[in-house]
Amino acid sequence: MEQRLKSCLLGLLLSASAVAQNNVTYTFDDGKIDWKIAQGKIELLTQGAWKGRSMRLEPGTVVSFKVELSPASSYELTARMRTESGADNVTLQITGLGKNNRSISTALASWTEVSQSFNMPADRKEAALEVIFDVNINQTHAWIDEIQIRRTGDYKEDMYEGIPPAAIREVKTDMGVAMQPDEKVKWMLDDKLGMFIHWGLYAGPGKGEWYMENQGISIDKYRRLAYPESGDEYFDAKNFDANKWIALAKKAGMKYVCLTTQHHDGYALFESKYMNAFTSKNTHNRDFVKEYVETCREAGLKVGLYKTLINWRFPGYYDITGTDCRPDNRFGYTTAAWHKENARLMKEELYCQVKELMTNYGKIDHLFWDGGWIAQKGSDANGAAFWESGKYMSEDNAWSVNPYFCDYDEKTEKPLGLMGIVRKYQPDIVTNPRSGWIGDFTCEEGGGAVKGEIRSGVVEKCVSLAPGWGYNKQMENPEHIMPLKKVKRLFADCMVRNMCFLLNVGPDRHGDIAPLVEQRMLEFGEWVNATREAIYGTRGGPWQPVDGQYGFCYKDNMIYIYFLGEYLEDTFVMPSLDKSMKVKRSYNVYTGEKIGFKQKGRSVTLNGVCPVKDDLTVIAVELNRNVYPESR
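Taken in order, the sequence shown gives residues 1 to 632; the numbers are from the numbering used here.
Because the hints were derived from the structure by calculation, they are not lab data. Please read these numbers as outputs of a predicted model, since none were measured by experiment. Hints should not be assumed to be uniformly reliable.
Capping the alpha-carbon separation at 27 Å, the derived lysine-lysine pairs in DSSO-like fashion look like this [stated by the list, open to error]:
1) K486 x K36
2) K302 x K424
3) K363 x K414
4) K473 x K251
5) K355 x K184
6) K36 x K66
7) K486 x K255
8) K488 x K555
9) K555 x K598
10) K584 x K600
11) K156 x K99
12) K172 x K302
13) K302 x K555
14) K186 x K488
15) K244 x K363
16) K290 x K238
17) K488 x K255
18) K340 x K414
19) K555 x K584
20) K486 x K613
21) K582 x K555
22) K255 x K555
23) K363 x K290
24) K238 x K281
25) K485 x K255
26) K488 x K244
27) K486 x K244
28) K414 x K273
With the hints as constraints, model all of the structure from the sequences given.
Right, here's the structure in full:
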């Protein structure tokens, strides 16, 4: 097997001259390779491949490849990647470049082209490509093919003597809707931490939120999970208490919470007036969203709602035109003309329920769209024409919504699209791009490492404390709960890149959060609360992080240095300060211990920082003036 892989895997050892002149694509059909399987298992297969043969990764696999590249050069890395439905992200990253390390991920179930630019420093000529696919509860696979590295030009590192300019967020307009201005999104960067809650009927079987689709469970059979007849899999919600959830969020240092109001299975945790809607109000006579929202407000936390666009209860989702049903769908549906009308009804229910969520619960701060893709393939943007995700609907759309369920612009009297409805009733809300609209903020999903430069926009990293998002029985096994050190490291990697952190829990069918998950949240919260001055209200920067070594945050006249577990020197030379800056004092944020320093002009050396191996150390440096004139 090993010899077969060696002869079949792509040749990724490149000469610098070839890379500098050529646009080269690598496939898994032939060639030699300097490769290493760090863990897990891979296969080269034709069935399910992009073209010819593709590499399939089993859960828990890490494969690395060495590449030789031209120093002082800019490159574009692209690849074709996909996962099987319900799997976690597959990540392709390029490392060995220090602060220039980069990564790209996808969790989409169809072949998707991903791309990422990166730069080779002048003192490097070798890097490593790594493909990472984490363990997942469904034991599904990931695939990769056609890795391309293309030289795009020369690279010269920007050298600043002093504090470099701050990253600027670009506000764009898409589909007639402008992104929220900085003053309406800054709360996310100030608050930093949110708790994600995935809860629904899928908590009954305890096999994750994709259980219905992964197992091809019929609509009627899945519906039984909402009733006692399903026995030990009954979603009884008997212990649901929003106060307990929100109390945990506060203890864990969270400033906002986001609840799945409805996942892809179509079961809504709120009251809906749409005909034949499948809701907790009908099955349990409870509006869980209402109870949750009221509790968040009472606790002083911002309110987030998750809403998917797709709905597996509608066969038309797999065949929106009625002429081309996805052949490998898990439910055995085949092409049928009536599917087009069924898809229209799915869209109509969505419009009705989006308006209900935006009008029945007061002010909503955060909207997490999901499921913009169609028939389990393509991207969110590909599905936008069907969903009409922008400001207005089109008069000639083939899946028109009944006027009774439409909403209209008061000035133009045009029917509003999804974001038109959202902004009409929630003018201050911030949303992600998963509806197909560009989004006020973007998402990086999964437990993969965070790499690269400080993000210029608002980015939310979504991470689950256990495999999967919805409840699964692995949440009762300590071996499957993310270690505290890894949670802290992921969070710190976000902090120094000016990102937010949305940490997920999945309550069980009774409404209880698994004790091991709760314990990890509380442990994380203890560290957050002890380090809070270096978290809330800060911004990533002013200097770029060095992957695995250190990074920076700042607020007013304070700079916080996050040592990330791999920097082990007792002294640290800070990047150059502005000419007029003077250090007043330095200390360990967690312990309060004073840190010695020596300043000579713009240069500052910290002594006795004592970073902890494989854990975080946060050092504060107080200056005589603000880092930036406009600093908070």
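Hint by hint, here is what the structure shows:
About 24 Å separates the Cα atoms of K486 and K36, which keeps this hinted pair within 27 Å; it holds. For the hint linking K302 to K424, the alpha-carbon distance of about 20 Å falls within 27 Å, and the restraint holds. Proposed proximity of K363 and K414 is supported: the alpha carbons are some 25 Å apart, at most 27 Å. Among the hinted pairs, K473 with K251 is consistent with the structure: their alpha-carbon atoms are about 25 Å apart, no more than 27 Å.
Annotation: proposed proximity of K355 to K184 holds, straight-line Cα distance about 21 Å (limit 27 Å). Taking the CA atoms of K36 and K66, the gap is near 9 Å; set against the 27 Å cutoff, the hint holds. This hinted pair checks out: K486 and K255 have alpha carbons roughly 21 Å apart, not beyond 27 Å. The straight-line distance between the Cα atoms of K488 and K555 is roughly 20 Å, inside the 27 Å bound, and the hint therefore holds.
A C-alpha spacing of about 22 Å is found between K555 and K598, which places the hinted pair at or below 27 Å, so the restraint holds. The straight-line distance between the Cα atoms of K584 and K600 is roughly 13 Å, inside the 27 Å bound, and the hint therefore holds. A distance of roughly 14 Å separates the Cα atoms of K156 and K99; the hinted pair therefore holds under the 27 Å criterion. A distance of roughly 25 Å separates the Cα atoms of K172 and K302; the hinted pair therefore holds under the 27 Å criterion.
The hinted pair formed by K302 and K555 meets the criterion: a straight-line CA distance of about 22 Å does not exceed 27 Å. A threshold of 27 Å between alpha carbons decides the hint, and for K186 with K488 the separation of about 23 Å falls inside it, so the pair holds. Proximity of K244 to K363 is assessed by CA-CA distance (about 22 Å); at most 27 Å being required, the pair is judged to hold. Simply put, K290 and K238 have alpha-carbon atoms about 17 Å apart, close enough for the 27 Å limit, and the pair holds.
Taken as a hint, the K488 and K255 pair is honoured in the structure, with Cα atoms around 17 Å apart against an allowance of 27 Å. Restraint check for K340 and K414: the C-alpha separation of about 24 Å stays at or below 27 Å, so the hint holds. Distance check on the hinted pair: K555 and K584 sit about 15 Å apart at the alpha-carbon level, within 27 Å; holds. In summary, the hint linking K486 to K613 is supported, as the alpha carbons are separated by about 13 Å, within the 27 Å threshold.
Restraint check for K582 and K555: the C-alpha separation of about 16 Å stays at or below 27 Å, so the hint holds. A distance of roughly 18 Å separates the Cα atoms of K255 and K555; the hinted pair therefore holds under the 27 Å criterion. Straight-line distance between C-alpha atoms of K363 and K290 comes to about 12 Å, which keeps the hinted pair within the 27 Å bound. The hinted pair formed by K238 and K281 meets the criterion: a straight-line CA distance of about 14 Å does not exceed 27 Å.
Only pairs whose Cα atoms come within 27 Å are accepted, and K485 paired with K255 is accepted, the gap being roughly 21 Å. For the hint linking K488 to K244, the alpha-carbon distance of about 23 Å falls within 27 Å, and the restraint holds. Distance check on the hinted pair: K486 and K244 sit about 25 Å apart at the alpha-carbon level, within 27 Å; holds. A hinted pair counts as satisfied when its Cα atoms are at most 27 Å apart, and K414 with K273 qualifies at roughly 23 Å.
Hint compliance for this structure: every hint is met.
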